[in-house]
Amino acid sequence: MGVFSRLSDIVNANINALLDRAEDPEKMVRLMIQEMEDTLVEVRSAAVKAIADKKEVERKLKKLHDGQVEWDTKAEFAVSKGRDDLAKGALMARRRLADQSVVLERELEVIEETLGKFDEDLNKLQNKLNEAKGKQRAVEIRMQTAEKRVKMKEKLHSGQIDEALLRYEQMERRIDELEASADSWDLGRGQSLEEQFEDLEAELGIEDDLKELKARVKKDK
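Read the sequence shown against the working numbering and you will find it ends at 247, with the numbers running on by one and no gaps.
Since the hints were made in silico from the structure, they are not lab data.
Yeah, the Cβ is synthetic: ideal placement off N, Cα and C, and Gly gets one too.
Any given hint could turn out to be false.
[Unchecked claim] Computed Cβ-Cβ distance ranges for the label pairs, DEER-style: (1) 112 x 82: 28 to 34 Å; (2) 102 x 126: 18 to 24 Å; (3) 89 x 167: 17 to 23 Å; (4) 91 x 111: 48 to 54 Å; (5) 111 x 135: 34 to 40 Å; (6) 98 x 152: 45 to 51 Å; (7) 86 x 167: 54 to 60 Å; (8) 157 x 89: 41 to 47 Å; (9) 153 x 79: 24 to 30 Å; (10) 145 x 102: 41 to 47 Å.
Produce the complete structure using the sequences and hints provided.
So this is what it looks like as structure tokens:
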């Protein structure tokens, strides 16, 4: 199905509005241009035929005009020779040609009006086609720019994620190294003499606390 149904649809079309509503502006403008070019060919073909018709009618009119002049001359000659009967016949023949000329002149007027309309339509169509081609270039640039922006954002976003994951892995690795370093200080070490005395003092302190607690309980009874 085409974008336009009549030539007037093309001439009166709001290209911007059509493209704004289109799901695929690039495809839409391409179809519009194709239909406009096809319509231009059709209108030009019709105009060529009209021009040919005009020339044919003009040739017929000239022939009829020449015939009228000839019959008029013959009528004058017949009158000069006293042949009114022949003069009347010549005048009748001239009138028939004149009547035919009137019909062809009306036909010529119609053809000229049609050619004028064709000329107007062709100008409007050509202007609309030029506008559509300008929009096509603008749409192509917009599409290319949008595609580049999407690719750039995808690339940037992907790079940021990769970088963040790498930093996280490096941080985990650093923590593991620090913990391993701290644990390594305890490897191969028993309790020092000082640490053993500290544990003994702590144990004696607990024994004293226990004796004190038992004395209070006994006293309360």
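Hints, one by one, checked against the model:
About 33 Å separates the C-beta atoms of residue 112 and residue 82, a value consistent with the hinted range of 28 to 34 Å. The hint said 18 to 24 Å for the Cβ distance between residue 102 and residue 126, and at roughly 22 Å that hint holds. Residue 89 and residue 167 have their C-beta atoms about 59 Å apart, which leaves the hinted 17 to 23 Å range violated. About 25 Å separates the C-beta atoms of residue 91 and residue 111, a value inconsistent with the hinted range of 48 to 54 Å.
For the pair residue 111 and residue 135, the supplied restraint of 34 to 40 Å holds, since their beta-carbon distance comes to about 37 Å. In this structure, residue 98 and residue 152 meet the distance hint of 45 to 51 Å, their C-beta atoms being roughly 48 Å apart. Between residue 86 and residue 167 the beta carbon distance is about 55 Å. The supplied range of 54 to 60 Å therefore holds. The given range of 41 to 47 Å is respected by residue 157 and residue 89, whose C-beta atoms sit roughly 46 Å from each other.
A beta carbon spacing of about 27 Å between residue 153 and residue 79 agrees with the range 24 to 30 Å that was offered as a hint. Checking the proposed 41 to 47 Å range against residue 145 and residue 102 shows it holds: the Cβ atoms sit about 43 Å from each other.
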